[in-house]
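Student: Below are the chains, spelled out letter by letter.
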Amino acid sequence: MDKEFTTVSIPTSLYKKIEEAIKGTEVGSVSSYIVKVLRESLAKDQPSQDVFSQEDEEKVKERLKALGYID
Amino acid sequence: MIQPHGGKLVERVLRGPAKTAVLAKAASMPRLRLDSELVSDVENICLGVYSPLEGFLGQDDFRHVLSQRRLCSDLPWTIPIVLAVGREEAARLKEGADILLVEERDRPVAVLHLAEKFTFDKGETAEKTFGTRDAAHPGVAKVMAMGEVLLAGPVDLVDCVPTPYDRYKLSPKETRVLFKEKGWRTVVGFQTRNTPHNGHEYLQKAALTFADGIFINPVIGRKKKGDFKDEVILASYEELIKHYYLRQRAVMAILQMEMRYAGPREAIHHAIIRKNFGCTHIIIGRDHAGVGKYYAPFAAQDVFEDFPDLGIVPLFFRAFYYCKKCQSVVNEKICPHPPADQIQYSGTKIRDMLIKGEVPPPELMRPEVAKVIMSFKEPFNE
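Chains A and B, in that order, are what the protein sequence lines are. Just so we're on the same page, our numbering is the position in the first sequence counted from 1, plus 385. Just so we're on the same page, our numbering is the position in the second sequence counted from 1, plus 8.
Bound conformation, chain A alone (with noise of 0.2 Å):
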């Protein structure tokens, strides 16, 4: 398995004002709050698309219609 963390240099400016920034919060650490932020802005705007084909749409609509779920 590989390891579970590695580094990544950031400039020593930004360290100390994220070291001020989270003093007195429950952020536990620098680390924990770049992590936080870059899982943040990762998982922002994902597109939202269908997962299925109009062929299956149909399909599904039909078993939904016979369960009563639509009309």
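Some hints could be false.
Derived pair list, reagent style DSS-like, types lysine-lysine, alpha-carbon separation capped at 27 Å [stated by the list, open to error]:
{"no.": "1", "chain 1": "A", "residue 1": "Lys446", "chain 2": "B", "residue 2": "Lys177"}
{"no.": "2", "chain 1": "B", "residue 1": "Lys136", "chain 2": "A", "residue 2": "Lys450"}
{"no.": "3", "chain 1": "A", "residue 1": "Lys446", "chain 2": "B", "residue 2": "Lys16"}
{"no.": "4", "chain 1": "B", "residue 1": "Lys27", "chain 2": "A", "residue 2": "Lys446"}
{"no.": "5", "chain 1": "A", "residue 1": "Lys429", "chain 2": "B", "residue 2": "Lys188"}
{"no.": "6", "chain 1": "B", "residue 1": "Lys190", "chain 2": "A", "residue 2": "Lys446"}
{"no.": "7", "chain 1": "B", "residue 1": "Lys16", "chain 2": "A", "residue 2": "Lys450"}
{"no.": "8", "chain 1": "B", "residue 1": "Lys213", "chain 2": "A", "residue 2": "Lys444"}
{"no.": "9", "chain 1": "B", "residue 1": "Lys136", "chain 2": "A", "residue 2": "Lys421"}
{"no.": "10", "chain 1": "A", "residue 1": "Lys429", "chain 2": "B", "residue 2": "Lys16"}
{"no.": "11", "chain 1": "A", "residue 1": "Lys450", "chain 2": "B", "residue 2": "Lys250"}
Hints listed in this document are in silico derivations from the structure and should not be mistaken for laboratory results.
Based on the hints, put chain B in the right spot on chain A.
Tutor: Structure of chain B alone, referenced to chain A:
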């Protein structure tokens, strides 16, 4: 519509010639018999309920889920979905082989393409998953009783096992088509293991005020003694929806799965599942997926802080109660009256009334719902 977890809705269902081929060679395949919980997990994997999982977890993902609450891909995943067997059984199964998974009456359910076998530390697994090694915790007891070897690999569904509740069983593909057909862009998921009282209705409708639809999703599976029977839960919700909800705003379908009672980890797991069904939001109340006093009352809400990339939005509800002065279900933010005016919603209290044949008062439960529950001779599991 919200993306499935991991971006792709898994669908591993054998059809046509592929299915025929498996059934033709079934008699000569090595086979494993699964209990109902594992059958549910297999179906959930193959129908996309557990997307992005394509099978039972391999060693790397298993260890990552325990230690990081994520898959190796960094995607949030908090409950290890595994297939355990004893050492002797594991020894006869070869990596690289196709194993026929059958249910208790030997009916083929799925094919496991066995990729790896590995041992694991049961105590550590229990501690990481449930936050305790106390054998009195039902989840811990289950882990300690598991076989010593985990089998990993993708699975393909041959057939779902019929149940009396198939009329309420929708796959994530089907719920997504349904939500699209209804024109719902925002959908709130509501998880339940109980018949509805007015407090549940309040939560659902409070959330529904800000969404296009509510997806009521009772968990159906092996229950503890004293739990409501599945058919009672479904009948009572049908009655509630019939009389008190707009049909174009409320949908009910089941989630066939056994509860792990893993508190915070399971709250995230439940959120992921509802995301796969197409929900954009999920209601998380006090002590979600908890049992006894193993978890702090709001630990299952606080845990969402650690998953800013989950993709589904949790709606947190704290306490609620009926206020005799306000004459409605309220919470501490909207009711100024003292505790003497409050009637608490206690599942135990309502259960005790029903057992004694007493109709719960209308402040606690809709009379139509109470009537349906009481129409069952034995509404509780023995």
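Student: Hint by hint, note whether the structure agrees.
Tutor: Okay, the hints, checked on the actual structure:
1. Note on lysine 446 of chain A and lysine 177 of chain B: the hinted pairing holds, with a Cα-Cα distance of about 14 Å set against a maximum of 27 Å.
2. With a C-alpha separation of about 44 Å, the suggested pairing of lysine 136 of chain B with lysine 450 of chain A is violated against the 27 Å cut-off.
3. Proximity of lysine 446 of chain A to lysine 16 of chain B is assessed by CA-CA distance (about 21 Å); at most 27 Å being required, the pair is judged to hold.
4. The hinted pair formed by lysine 27 of chain B and lysine 446 of chain A meets the criterion: a straight-line CA distance of about 24 Å does not exceed 27 Å.
5. Taking the CA atoms of lysine 429 of chain A and lysine 188 of chain B, the gap is near 22 Å; set against the 27 Å cutoff, the hint holds.
6. Only pairs whose Cα atoms come within 27 Å are accepted, and lysine 190 of chain B paired with lysine 446 of chain A is accepted, the gap being roughly 11 Å.
7. Annotation: proposed proximity of lysine 16 of chain B to lysine 450 of chain A holds, straight-line Cα distance about 26 Å (limit 27 Å).
8. For the suggested pair lysine 213 of chain B and lysine 444 of chain A, the alpha carbons sit about 32 Å apart, so the restraint of at most 27 Å is broken.
9. Under the criterion of a C-alpha separation no larger than 27 Å, the hint pairing lysine 136 of chain B with lysine 421 of chain A is consistent with the structure, at around 21 Å.
10. Taking the CA atoms of lysine 429 of chain A and lysine 16 of chain B, the gap is about 16 Å. The hint holds against a cut of 27 Å.
11. A threshold of 27 Å between alpha carbons decides the hint, and for lysine 450 of chain A with lysine 250 of chain B the separation of about 18 Å falls inside it, so the pair holds.
Hint violations for this structure: numbers 2 and 8, all remaining hints satisfied.
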